[in-house]
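Peer 1: So the chains spell out like this:
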Amino acid sequence: MTPAAEIPLATGAEMHRWIAELYPICRSITGNGIRQTLGRLQEQIPLKVHEVPSGTPVFDWTVPLEWNIRDAYIKDSSGRRVVDFHVSNLHVVNYSVPVRRRMALAELKTHLHTLPDRPDWIPYRTSYYSQTWGFCLAHRDLLAMREEEYEVCIDSTLESGNLTYGELVLPGASTEQIVISCHICHPSLANDNLSGIAVAVALARHLQSRPRRHTFRFLFIPGTIGAITWLARNEESAFLIRHGLILAGVGDSLPLNYKRSRRGNAEIDRAAAHVLRHADPSSGITDFSPYGYDERQFCSPGFDLAVGRLSRAPHGQFPEYHTSADNLEFVRPHSLEACLRACLDILFVLENNGCYQNQNPKCEPQLGKRGLYRSIGGTADSGQREMAMLWTLNLSDGHHSLLDIAERSQLPFAQIFEATCSLAEHGLLRKVDHLQFSAPAGMNRKEPTL
Amino acid sequence: MTPAAEIPLATGAEMHRWIAELYPICRSITGNGIRQTLGRLQEQIPLKVHEVPSGTPVFDWTVPLEWNIRDAYIKDSSGRRVVDFHVSNLHVVNYSVPVRRRMALAELKTHLHTLPDRPDWIPYRTSYYSQTWGFCLAHRDLLAMREEEYEVCIDSTLESGNLTYGELVLPGASTEQIVISCHICHPSLANDNLSGIAVAVALARHLQSRPRRHTFRFLFIPGTIGAITWLARNEESAFLIRHGLILAGVGDSLPLNYKRSRRGNAEIDRAAAHVLRHADPSSGITDFSPYGYDERQFCSPGFDLAVGRLSRAPHGQFPEYHTSADNLEFVRPHSLEACLRACLDILFVLENNGCYQNQNPKCEPQLGKRGLYRSIGGTADSGQREMAMLWTLNLSDGHHSLLDIAERSQLPFAQIFEATCSLAEHGLLRKVDHLQFSAPAGMNRKEPTL
Amino acid sequence: MTPAAEIPLATGAEMHRWIAELYPICRSITGNGIRQTLGRLQEQIPLKVHEVPSGTPVFDWTVPLEWNIRDAYIKDSSGRRVVDFHVSNLHVVNYSVPVRRRMALAELKTHLHTLPDRPDWIPYRTSYYSQTWGFCLAHRDLLAMREEEYEVCIDSTLESGNLTYGELVLPGASTEQIVISCHICHPSLANDNLSGIAVAVALARHLQSRPRRHTFRFLFIPGTIGAITWLARNEESAFLIRHGLILAGVGDSLPLNYKRSRRGNAEIDRAAAHVLRHADPSSGITDFSPYGYDERQFCSPGFDLAVGRLSRAPHGQFPEYHTSADNLEFVRPHSLEACLRACLDILFVLENNGCYQNQNPKCEPQLGKRGLYRSIGGTADSGQREMAMLWTLNLSDGHHSLLDIAERSQLPFAQIFEATCSLAEHGLLRKVDHLQFSAPAGMNRKEPTL
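Protein chains in written order, with our numbering: chain A, 344 to 793; chain B, 344 to 793; chain C, 344 to 793.
It is worth saying that the hints were derived from the structure and are not from the lab. Just so you know, nobody snuck in bad clues.
Note: identical chains are not told apart, hence a pair may lie in one copy or across any two.
Heads up, simulated SDA-like pairs for lysine to any residue below, C-alpha to C-alpha not over 20 Å straight-line:
id : residue 1 : residue 2
1  : Lys712    : Ser473
2  : Lys418    : Arg483
3  : Lys774    : Phe691
4  : Lys391    : Arg576
5  : Lys705    : Thr405
6  : Lys418    : His454
7  : Lys712    : Gln474
Produce the entire structure from the sequences given, and follow the hints as far as they go.
Peer 2: Put into structure tokens, the structure is as follows:
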């Protein structure tokens with residue numbers, strides 16, 4: 344079952360390079376920015392790109408018009424571009440209707456957005472669902488604008504077209520799914536959307552060459568409307584999702600933080616908490632709230648899927664959030680790599696968790712005669728390896744999963760799993776299947792995946 | 344449904360005036376002191392006064408004799424009243440049998456009660472269930488008494504008569520009841536009994552002119568034997584009590600404290616904890632114990648009603664407890680008013696709590712197109728109003744009550760309820776009744792009460 | 344039912360004397376050391392001694408050969424005994440095969456065990472399940488050994504024989520059992536095995552002359568293989584064990600520590616936690632783990648018995664553990680006595696716990712008319728005796744056990760039980776049996792045992 348050509352795990356530096364390539368593209372919830380982005384990702388993974396026509400009803404919403412933009416500026420009376428879309432695509436309120444007019448500063452100001460307490464940063468603003476236009480600029484630049492007439496141009500189109508998203512399905516032994524989803528609708532913001540995209544691509548690249556129990560589904564979708572569109576078009580297969588992870592804002596320098604699913608104690612919630620606790624004591628857990636990224640949709644009460652979110656700096660609560668300071672320096676290669684490792688560890692738990700039955704449940708089996716136990720007794724400590732075997736034997740009554748055992752013993756899941764494999768090899772444990780696998784011929788279920 | 348003449352909410356100063364009027368009356372568990380007190384309350388609310396004859400069996404108890412007192416004193420050999428009932432009715436052990444004798448100090452001392460460590464305060468003592476007599480006085484005054492013969496007089500009667508209590512029922516849309524109860528059996532003690540009476544009267548005055556879901560029952564009863572008498576005479580209707588609140592000692596300057604019902608997690612327990620947490624972070628919650636006020640009876644195992652208690656200083660654990668220092672200065676207008684507000688907030692939760700069903704449960708509904716959401720996106724914070732809507736939509740799966748949602752979101756119940764009304768108006772929520780209302784014709788259930 | 348001749352409770356000094364007598368014997372998991380030890384115990388309690396032949400299969404194990412030893416030494420070239428079994432039986436790796444050879448220091452060293460960081464202490468080592476031999480000695484003595492030829496002798500035999508253990512059954516009113524077990528397989532280690540033996544003997548001596556609800560079973564068994572052997576030979580009666588306590592390491596000067604059973608919240612777990620909390624606030628509770636003493640076998644998943652362990656210093660985590668420093672000075676008479684008291688208190692809870700039904704459940708009964716309540720009211724505090732009655736009445740709804748009531752009221756079990764007896768005498772409580780007693784004729788069930 345070893346894949347012909349296994350792709351090595353991406354490094355943090357590699358993922359950072361991918362982000363740098365995607366950074367200049369002006370993305371929005373629809374339009375060519377997304378198409379261009381997905382095109383680049385297809386160079387790495389065999390993404391399928393879907394187009395959903397404007398006007399398509401998706402639950403309570405409607406797929407909006409497609410927005411495209413070529414240029415935008417504010418020129419002063421001397422003809423100098425005071426604000427220029429080609430310098431930063433954040434300068435235009437995303438989804439602005441076209442405009443081409445001359446106006447005095449006073450009128451223009453009602454369309455200008457700045458951050459007075461961060462005078463050098465450009466804010467990121469959107470206006471998806473009310474037809475208006477605007478510019479975002481550094482507050483320092485606004486203060487420098489004199490009372491004169493300005494020429495204002497947004498060369499955008501807002502027309503019937505499509506909403507675009509990317510999807511990659513990696514079939515597993517079971518039809519039960521793990522979904523990994525990230526948003527792809529933000530323009531030049533590095534942590535907010537590009538960091539999640541980079542880690543998702545790295546994960547997909549790695550998983551496609553590995554044996555898999557679950558079917559993995561990767562979604563690269565516009566935030567909110569993209570998730571709603573996908574769920575509306577895939578209602579039935581949504582209910583095959585057993586576990587899900589939203590990746591958003593995973594590149595900054597703060598510790599990893601997992602936001603629980605609405606269920607709060609789903610297997611993904613416990614797996615993520617377990618992995619983060621062992622990986623980095625400074626990492627955090629946040630309770631579900633119905634605000635944030637696309638967990639809002641996956642965890643709406645009509646779906647209530649076991650989908651949590653991996654992030655770093657708390658959503659919306661750091662100064663760089665939705666500003667030009669969320670740039671390539673804000674994202675650290677090391678952070679991307681640690682997030683990728685944490686994702687793999689979480690997926691390892693989800694793939695290999697299960698319940699086992701101790702085949703010698705009355706008293707301990709004699710591990711020594713099987714070469715599983717040290718021969719000289721009396722020393723104070725049993726090693727972690729032996730403790731992992733004793734815990735696994737003691738709790739493998741068919742009701743405790745390996746994750747339960749890892750939690751109760753405070754040992755890492757990987758160690759419990761290793762002990763399990765070793766005990767199962769000696770016939771001391773037998774798996775009690777809890778996933779409804781229809782394993783393909785030739786797949787050895789005892790072999791760990793990932 | 345707006346009442347013809349709505350009575351404005353009583354102020355702390357008003358309630359304090361009521362207490363001052365009732366303060367001089369010598370109340371006991373039976374007798375004219377209670378009748379006089381209830382008579383005064385009838386000037387404010389249409390109380391019904393009940394009389395239960397002495398000797399009536401009430402569960403394991405018997406309604407005792409009626410006690411009345413006209414005068415009591417200790418005169419020294421010069422004829423001076425050393426202790427005088429007309430100076431303070433605390434001077435007589437409450438329920439003392441009549442006595443008229445001369446005796447030496449040594450013998451008299453066996454009938455005297457003082458507080459050596461609070462030498463200026465008169466203790467309050469009772470002897471309901473053993474036929475004896477006694478006087479209470481300041482320890483300083485005891486020390487000044489010389490060895491001489493004293494004339495002792497308690498001009499009381501202990502005769503067959505009645506136990507008296509007051510009751511006010513305010514019918515609501517449902518026969519399910521909320522009971523508000525306070526004790527009325529203490530003589531000149533301001534916090535211990537009068538503060539609870541004042542807040543209960545203010546609540547009743549306010550509620551009688553408002554639409555009501557529940558039927559409200561107000562009890563003004565002698566402690567212990569009064570509660571036992573009421574429960575024995577109203578056993579069936581006691582089981583219509585869904586929630587109850589004992590008001591006792593709510594006027595001092597310490598923070599509010601809610602004592603849980605025996606059940607510990609009844610709706611009243613959760614509502615009170617929620618309201619106190621939001622009203623004042625220094626307020627406290629105390630677990631049930633079978634000692635204190637009439638929660639002892641309502642929470643006896645044969646009833647086990649969801650009745651908690653609102654107080655301030657912990658029962659019996661402050662120096663002024665059951666002494667002459669529990670006087671008009673000990674009770675603060677502001678404390679009475681804050682307690683009244685807390686009661687109204689708790690009742691608001693009980694009246695308006697319920698489960699709703701999100702009518703658009705798959706993904707979020709588009710609040711923007713209904714004018715319920717801001718139009719410019721990208722800012723870091725969603726306002727509390729929007730958060731209240733998102734939480735209510737997310738958890739309204741028919742199983743979470745609005746109080747559940749308020750607790751999980753850490754938002755005040757009133758804000759969740761406001762969001763609920765607004766979403767229900769737009770057809771996004773529908774109520775799943777959990778109270779068995781038989782709503783009267785014309786009553787709009789969506790309208791909040793209180 | 345008062346026993347003819349009640350044996351007084353052993354003092355700490357007495358138990359320490361018993362330990363001193365047993366200390367010199369060279370015990371192992373089989374052999375004459377155990378027989379000699381059990382013989383001494385038979386002078387105190389009517390132990391039955393069982394012999395199980397070598398080779399008997401016991402679950403996954405086999406009863407091993409019997410080990411006996413007469414002498415062992417290392418002599419230097421001058422013929423001086425550098426290491427001498429008769430000085431300390433810890434000098435020989437327990438269960439060593441016989442050896443009689445001359446060898447250079449370099450070869451000898453591969454058979455020597457020392458503690459470099461405790462250079463004066465002799466370690467205790469065993470080699471039960473791999474045929475080898477070795478010596479243990481003070482590191483300081485090892486350093487003094489010169490490069491020369493040594494004469495090595497272990498005059499031991501390892502032959503087919505028996506595994507020996509002791510058992511004492513004290514029948515009670517019910518066939519349901521409480522098991523008290525201790526290990527008896529350690530040579531000259533005072534805290535590790537002798538302290539538990541001494542307390543178990545003292546308990547058995549006391550219990551044999553008292554009325555008993557449960558049947559008590561005392562086990563004096565070799566660690567691990569002894570427990571496995573007993574469980575294999577008594578599989579059916581093992582399932583009559585309702586509660587169990589392993590006694591191990593209860594004589595040192597650290598506070599008592601109770602290790603929970605695998606179930607974690609069994610009655611024994613709650614009883615022990617309750618007793619320790621009231622006996623000594625510095626005492627501790629440890630969660631179950633599948634390492635330690637014979638709780639490993641009783642709590643294996645095929646048995647999962649409610650067996651916890653009482654110890655002091657945490658297993659394996661104190662420097663004296665399994666060294667010559669675990670000697671007679673390490674064990675304190677006071678610690679033994681406090682442990683014995685704690686055991687009796689725990690057994691008192693298990694024997695007398697039960698559910699009662701308040702016979703006057705509606706409102707409080709009038710305790711005063713039964714002489715159960717003080718007559719002058721108004722004082723701030725109800726005494727503990729009255730609180731115990733109020734709590735017991737309030738929670739005796741047939742569902743709360745006396746232990747539940749003790750825990751919720753934070754009063755000691757003995758006080759709740761005393762209140763229960765007093766209320767039951769007055770007909771206010773009636774027992775709802777939860778143990779399936781078949782009480783012998785003439786046994787008054789209301790009378791407390793122990």
